[in-house]
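Protein chains: 2
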Amino acid sequence: MRAGELAAEFPVVSLDTPALEAAKLLADQNLPGLVVVDERNRPVTILAGTQVLRMIVPVYYQDDPALARVIDEASADHFTTELEGRTVREVLPDEWRDLPVVEPVATVLELAAVMVRSHCPLAAVADTDGTLTGVVTLDGLLDRMLAR
Amino acid sequence: MRAGELAAEFPVVSLDTPALEAAKLLADQNLPGLVVVDERNRPVTILAGTQVLRMIVPVYYQDDPALARVIDEASADHFTTELEGRTVREVLPDEWRDLPVVEPVATVLELAAVMVRSHCPLAAVADTDGTLTGVVTLDGLLDRMLAR
Numbered sequence: 024m025r026a027g028e029l030a031a032e033f034p035v036v037s038l039d040t041p042a043l044e045a046a047k048l049l050a051d052q053n054l055p056g057l058v059v060v061d062e063r064n065r066p067v068t069i070l071a072g073t074q075v076l077r078m079i080v081p082v083y084y085q086d087d088p089a090l091a092r093v094i095d096e097a098s099a100d101h102f103t104t105e106l107e108g109r110t111v112r113e114v115l116p117d118e119w120r121d122l123p124v125v126e127p128v129a130t131v132l133e134l135a136a137v138m139v140r141s142h143c144p145l146a147a148v149a150d151t152d153g154t155l156t157g158v159v160t161l162d163g164l165l166d167r168m169l170a171r
Numbered sequence: 024m025r026a027g028e029l030a031a032e033f034p035v036v037s038l039d040t041p042a043l044e045a046a047k048l049l050a051d052q053n054l055p056g057l058v059v060v061d062e063r064n065r066p067v068t069i070l071a072g073t074q075v076l077r078m079i080v081p082v083y084y085q086d087d088p089a090l091a092r093v094i095d096e097a098s099a100d101h102f103t104t105e106l107e108g109r110t111v112r113e114v115l116p117d118e119w120r121d122l123p124v125v126e127p128v129a130t131v132l133e134l135a136a137v138m139v140r141s142h143c144p145l146a147a148v149a150d151t152d153g154t155l156t157g158v159v160t161l162d163g164l165l166d167r168m169l170a171r
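Residue numbers (the numbering used here), protein chains in the order written: chain A, 24 to 171; chain B, 24 to 171.
Take the hints with a grain of salt, since some may be wrong.
In this list, chains with the same sequence are indistinguishable; a pair is considered to hold if it fits within one copy or across any two.
Stated by the list, open to error - Result set (EDC-like, lysine to aspartate or glutamate): computed pairs, CA atoms no more than 16 Å apart in a straight line:
1) K47 <-> D166
2) K47 <-> D162
3) K47 <-> D86
4) K47 <-> E107
5) K47 <-> E105
Honestly, the hints are just simulated from the structure, not real lab data. Note that this is a predicted model, so its numbers are computed, not measured.
Pulled out of the complex, with its shape left as it was, chain A reads as follows:
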């Protein structure tokens, strides 16, 4: 089994997608992460769920959970206002890691190694020209690896 066969359709967002819409897509469909593509359907970045969450949580709370502890629920609306009116491009993390993208001929083991290295529970499968052909999730991959 190769990545090309394991890859399935998966919702994508673009750099111009409203950030709030992207976060809602993740939450509503219980996705393990998001694939951001450019106008030619090439993966630009792939975000693990925790990276999407990071876009919502103000930086000063990330650095100091003790501060987050004292925020009362009346401030809950601040979460979404962090995203409001902004696009995915505007809230992307500064830090760009190794993208979990493989070619369709990648083996199951290569997929696994790529997910482990990127700490990302999904990997994009892209053609040699970079076009996204599908996504393999960690769950889908484990199902395959553990099948006997």
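With chain A fixed as given, assemble chain B onto it according to the hints.
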């Protein structure tokens, strides 16, 4: 809304659970990760899905995906043999990170900050004596944060 109210039941494993059984639990129930508890039901560690995957993938492939690329499918059985006969204790990652564990009074924002910091899409909620009372998943948390 506090962590204690958001927390839901979640399957747990112990340090003595066979590693293969733990990996299958994650795959079969599409869990975002695993909570490992001790004999008194206190969280010992919490593993993101990619950390469970890491337990399966031989280290030399993790370090060199190009090596993984040349492995043919006939070697697929090597995955599970990495785990066979071993317990969770024996395959736990050496590196212990900040555990995403919060008290029941933790706010939604604190939960989010803890998940972001630990890069883990689930957080355990434990009483002051350390006993696990439930788990909040990233999806469950996002649903709450994005609700209007």
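If any of the earlier hints don't hold here, list their numbers in rising order.
3
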